[in-house]
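Participant: Heads up: the protein sequence lines correspond to chains A, B and C, in order. Counting from 1 along the first sequence, just add 6 to a position and that's the residue number in this note's numbering. Counting from 1 along the second sequence, just add 139 to a position and that's the residue number in this note's numbering. Counting from 1 along the third sequence, just add 84 to a position and that's the residue number in this note's numbering.
Don't read these hints as lab results, they were simulated from the structure. There may be inaccurate statements among the hints.
Unchecked claim - Distance condition first, Cα-Cα at most 27 Å in a straight line; then the derived DSS-like pairs of lysine-lysine: (1) A:33 to B:739; (2) A:94 to B:739; (3) C:458 to B:169; (4) B:625 to B:248; (5) B:301 to C:531; (6) C:141 to B:301.
Because the structure is a prediction, the values reported are computed rather than measured.
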Amino acid sequence: MNVNVNDYLAVASIIFCIGALGVLIRKNLITIFLSLELMFNAANLGFVAVSEYLNLMSGDIFVIFIMVVAAAEAAILLGIAIAFYREKGTINIDKANELKM
Amino acid sequence: MNSKDLIVWLIPFFPLLGAILWGVFGKYFKNYSGYLGSIFIVISFILSTVIFFTVAYGHGFTSTLYPWIDASYFKVNISTTVDRLSVIMLVMVTGISSLVHIYSIGYMKDDKGFARYFSYLNLFVFSMIMLIMANNFLLLYVFWEAVGFCSYILIGFWYEKKSASNAGKKAFIVNRIGDFGFALGVMLIFVNMGTLSYSSVFSGIHLLPPYLITTIALLLFAGAIGKSAQFPLHVWLPDAMEGPTPVSALIHAATMVTAGVYLIARCHIIFSYSPDASNVVLIIGGTTAFIAAFIAMTQFDIKRIIAYSTISQLGYMFMAVGIGSYAAGIFHLVSHAIFKGLLFLTAGSVMHGMSGELDLRKMGGLYSKMKKTAITFIVGGLALSGIPPFSGFFSKDAILASLFNKGDYFFWIIGELVAFMTAFYIFRLIFNVFFGESHVDKNLHVHESPDVMTIPLIILACFAAVFGFIGLPPFDHSIFYNFINKDFANSFNFSPAVNNYPWYLLSTVSVIAGISGIYTAYVFYIKKSFNLEMLKKRFKTIYALSFNKLYIDEIYDFAIVKPMKNFSVFLWRVVDSFVIDGAVNGIAQWISVTSSKVRKVQNGMLMSYVFTLTVGVIALLAYYFVR
Amino acid sequence: MSIFLKYILSIIIFFPLLSAIILVFVNKKAEGLLRNLATVLSLAEFVISLFLFIYFKSNTYEFQFIERFSWIREFGASYFLGIDGVSLFMILLTTLMTFVSLLSSYKYIKDHVKEFVILMLVLETFMLGTFASLDVLLFYLFWEFMLIPMYFIIGMWGSGRRVYSAVKFVLYTLAGSLIMLFGLITIFILHYNQTGDLTFNLLKLYNTNIPFMLQIVLFIAIFLGFAVKVPVFPFHTWLPDAHTEAPTAGSVILAGVLLKFGVYGFFRFAIPLMPEAALVLTPIILVLAVISIIYGALVSIVQKDLKRLVAFSSVSHMGFIMLGLFAMTAVSVDGSVLQMLNHGISTGALFLFVGMLYERRHTRLIADFGGLAKKAPIFAALFMISVLSSVGLPGLNGFVGEFLILVGSFKQYTLFTIFATSGIIFAAVYLLWMFQRVMFQDITNQKNEDFKDMTFREIMTVLPLIFLMFFIGLYPDVFLSRINPTVVHFVNIIEHNKYAYNLIKAKMGLFNA
């Protein structure tokens with residue numbers, strides 16, 4: 007079976023939509039974060055596929071960047087989640103509405 | 140600068156120096172400010188006399204100090220002109236000022252503001268001298284306002300009294316209304332002539348179209364109406380009597396209020412080219428003379444009676460200059476300055492002796508207690524009534540004769556009528572104050588004033604008695620006419636009172652008018668042949684009109700002052716706070732209301748934000764694909 | 085000396101900023117030192133600015149003391165300074181008024197002294213920069229910067245509804261100046277399209293050829309920016325609020341200097357850039373000016389608060405200045421420029437006196453005073469001189485300016501001038517009535533019994549202004565001779581454009597009825 011770039015992009019889109027749906031409907035901070043990671047990785051997949059298709063290195067470099075940033079983000083977000091849990095006793099996202107006037 | 144110029148500039152210099160010295164260092168001079176101030180003015184008087192003879196036996200000249208304003212095509216110098224007209228005024232002003240200064244030393248002796256008083260008075264003399272000597276319209280306007288300012292601070296000299304500070308303010312503002320016209324006149328002259336110096340304006344004025352000349356003349360006359368307290372702007376002068384009495388004598392009788400007459404005499408060329416404007420001057424003068432005399436007949440405040448008399452006499456002068464008889468106007472100006480100054484100073488002496496009492500109903504029989512004052516007062520009264528050989532007879536008769544000769548019989552009759560009323564009201568005053576039974580408060584120690592006050596009175600009385608003789612031989616051959624007419628001769632409608640009628644007949648009429656006025660007063664107040672209360676009741680309306688000063692103040696209050704105040708409040712409360720600020724704050728309000736509605740979108744729910752975001756992205760993508 | 089003269093404008097502009105930086109390092113608690121140092125430095129600044137006056141060549145309209153460095157090459161913006169006869173006196177006025185207002189606030193400003201003096205000096209830098217810039221972008225930068233310190237001065241040290249006033253002041257001016265910025269940038273782009281020369285140099289922008297209808301639009305835009313600052317009726321309502329709530333020093337600067345920027349803007353930017361539009365719109369602007377004169381005066385009459393009264397009198401006086409400027413004759417513009425100085429001096433002095441009254445009695449209501457002349461003769465005398473200077477009494481400064489304005493405007497705009505002249509009556513009414521109620525009559529309020537006369541410092545504060553009142557009144561030639569060449573050049577530009585304007589008028593059939 008010959009896998010071409012469109013197939014990769016289709017898979018990436020599906021993963022992205024799953025992630026987006028997760029962000030929209032889940033209330034748990036950790037689950038939302040996992041869904042976000044899904045979206046990231048969908049984008050990564052797209053980058054790699056197109057990079058391969060066009061024979062360029064830039065997509066690969068982006069992927070590495072994104073992975074690094076995502077790792078850093080994960081650390082920060084987990085920190086926030088723990089702080090949030092200490093404050094509220096829950097990690098339900100609907101409780102994070104302090105800035106509303 | 141040659142010696143003549145030097146003398147001319149020294150005349151105003153001394154009063155100015157005095158004003159600054161007593162004003163700034165008054166604390167250190169104390170009572171010396173009075174003596175030194177008087178000496179300064181006497182020096183000015185002597186210098187003025189020197190200039191008088193220089194001009195009388197030579198000719199007038201101009202002297203420039205420095206260029207004042209030089210803005211593009213608008214150039215004005217600080218410079219003076221002395222000619223026959225100005226030297227007469229100079230000698231008169233500095234002479235009477237000297238006497239008033241000396242008199243004031245006695246009158247103001249115990250006042251706290253002694254130095255301040257002399258500072259103001261010196262400042263006034265300086266301004267008046269400069270007003271007379273100015274050689275262009277702007278400088279004239281400057282000192283025109285400056286004397287008005289001096290009058291303002293001197294009327295309000297006792298500023299603790301509300302009535303005094305009110306009167307000062309009223310004088311300044313009413314004068315400003317006149318000056319508004321004057322300023323426009325000066326501007327109109329400049330934009331049409333390109334210059335403001337007297338000589339250029341007067342030599343070129345006939346090139347302007349007649350309507351412009353008339354407009355200019357009338358605008359200048361508006362200034363004169365204000366300053367010389369003519370109807371309808373006369374209302375400030377009676378109130379101005381709140382000031383110290385020597386001030387009333389100097390400023391509000393002898394010098395400043397006559398500036399209007401001086402102005403028209405000075406601008407006689409402009410007026411002579413405009414018969415219409417001259418007629419307005421005549422009509423206003425006649426109206427004022429009559430109204431003021433009418434009001435004076437029923438007043439009880441002795442200073443106010445004399446003030447109304449001043450207004451009335453100024454009306455005479457305006458009638459004279461209105462028919463082009465400038466020499467007669469100036470003649471009456473000078474003789475009036477002497478006898479009216481005298482009357483005020485003697486009234487001040489009465490006040491001084493009576494501890495400030497002004498109501499003539501509370502006086503009577505003072506003759507025996509203050510003989511010098513009484514006699515000098517009577518001399519002044521006789522001069523005012525036009526009884527020969529006192530000065531008023533000659534000068535007033537010159538005006539009446541001119542009126543008759545010009546053919547203005549209506550105004551001649553008014554003049555004779557006013558002469559009768561004048562004699563009546565002044566002798567009503569004299570009889571009530573000095574003769575008859577005494578209504579003086581028993582506890583009051585009535586006394587004659589000190590010599591420093593009575594000597595100036597006696598000097599003035601002597602002048603009031605003999606000054607008129609320079610009006611001989613009658614009318615246009617007299618010494619005075621010969622002197623001054625060299626200045627007025629070039630105005631083409633000058634009407635000397637030519638002897639084409641028996642002058643003694645006319646003079647007799649005037650004398651009869653005067654004497655019958657005195658006799659009426661005698662019958663009313665000494666013999667008491669009539670019941671005055673009955674008369675008052677019978678002529679109730681007329682009496683009320685006269686007693687309430689024709690309700691002019693009330694009319695102004697009702698028609699101008701109150702509406703203006705209400706309008707101002709309307710502008711402030713409605714236009715400013717409600718309309719404009721309302722619009723501004725309304726916009727601000729609208730923005731804040733709108734944003735508080737829009738703010739609801741920020742509900743703090745993360746999910747709703749993400750949802751909005753997603754919907755947005757999908758919408759964008761959809762747009763992209765559909766397109 | 086030659087280096088000094090070459091960069092004198094920069095030195096003058098940035099000396100106050102330098103002074104402010106020095107003051108940053110002074111201990112916050114050493115309030116006396118801060119005050120003295122700031123006052124001395126601002127006095128030094130005034131002395132330096134006098135060199136401008138001494139070395140100013142009075143026989144030319146060309147800009148002098150020019151400095152020019154490239155700044156943002158991409159936009160063609162440069163650091164371009166220079167002054168002519170008008171900005172010379174505006175700069176001198178600024179340095180003098182800053183000194184005076186610092187000297188006046190020794191007692192008034194009690195807390196945050198350090199912040200106050202620093203803000204005042206920073207404000208001075210911005211004001212001077214605005215007057216000296218010949219580069220439009222630089223001008224605009226300084227112009228907007230001025231708002232910041234002024235906002236804090238009103239908002240922090242003001243009284244009553246100070247925050248409301250400060251915000252109103254900033255929003256009003258900002259709204260105006262943003263519209264103005266739009267106009268200026270349009271001209272900049274137009275100039276680039278026409279010549280290919282990317283520059284904010286004002287002298288080059290003067291030569292931009294702007295189509296007539298666009299001129300009208302742009303003129304109205306720029307007019308709004310400056311009219312708010314002047315302020316012209318009906319854009320004036322920020323002024324009474326800002327003045328009333330500002331501290332004395334703020335009011336003095338506001339009246340003395342800030343209001344002049346509007347007129348200066350018209351003189352330097354709006355009219356020369358768009359002369360034809362200015363000519364067409366002149367009647368409307370003159371109507372607004374005359375309304376300002378009479379409206380300001382009438383509203384002043386019935387004010388109960390001293391500061392509000394003086395503020396509204398400012399509206400009236402600024403109307404005179406606008407009238408003179410837009411009558412566009414050499415005499416009237418001369419008078420206008422002189423009157424800008426005069427208004428700064430007299431109104432500044434009036435605010436100083438009101439400030440002294442407030443310091444002593446903590447009220448500004450006229451009804452609370454009365455009979456003070458007896459207690460404080462020096463105060464009464466000097467206050468009276470200032471009042472008279474504002475009334476326009478001959479011999480003092482106000483008269484010369486007002487008369488030149490009126491006589492210059494009379495020929496072409498007779499009716500407007502007559503209405504404007506009536507303003508001198510109202511000026512006498514509201515100022516003398518106020519003076520009477522405050523200083524004269526008997527003392528009715530017991531609190532006034534121990535009213536103190538002026539201290540030495542207070543006399544020193546107003547003395548320079550009193551001196552100038554007499555000096556300008558008696559010998560205005562010193563000022564006029566330096567102003568006049570600039571003004572004549574300005575009027576010539578307008579005259580030159582009248583020809584083009586008449587052509588346009590004929591072509592477009594404007595005013596044919």
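Participant: Has the given pair, residue 94 of chain A with residue 739 of chain B, been kept, meaning a C-alpha gap of at most 27 Å?
Facilitator: holds (25 Å)
Participant: Would you mind confirming whether the straight-line C-alpha gap from residue 625 of chain B to residue 248 of chain B stays at or under 27 Å?
Facilitator: violated (44 Å)
Participant: Is residue 33 of chain A close enough to residue 739 of chain B, meaning Cα to Cα at most 27 Å?
Facilitator: Holds. Residue 33 of chain A to residue 739 of chain B sits at ~22 Å (cutoff 27 Å).
Participant: Given the hinted pair residue 458 of chain C and residue 169 of chain B, is their Cα-Cα distance within 27 Å?
Facilitator: Given pair residue 458 of chain C, residue 169 of chain B holds - Cα atoms ~17 Å apart, limit 27 Å.
Participant: Has the given pair, residue 301 of chain B with residue 531 of chain C, been kept, meaning a C-alpha gap of at most 27 Å?
Facilitator: holds (19 Å)
Participant: Is residue 141 of chain C within 27 Å of residue 301 of chain B, Cα to Cα?
Facilitator: Violated, at roughly 53 Å.
Consistency with the previously given hints fails for numbers 4, 6, ordered from lowest to highest.
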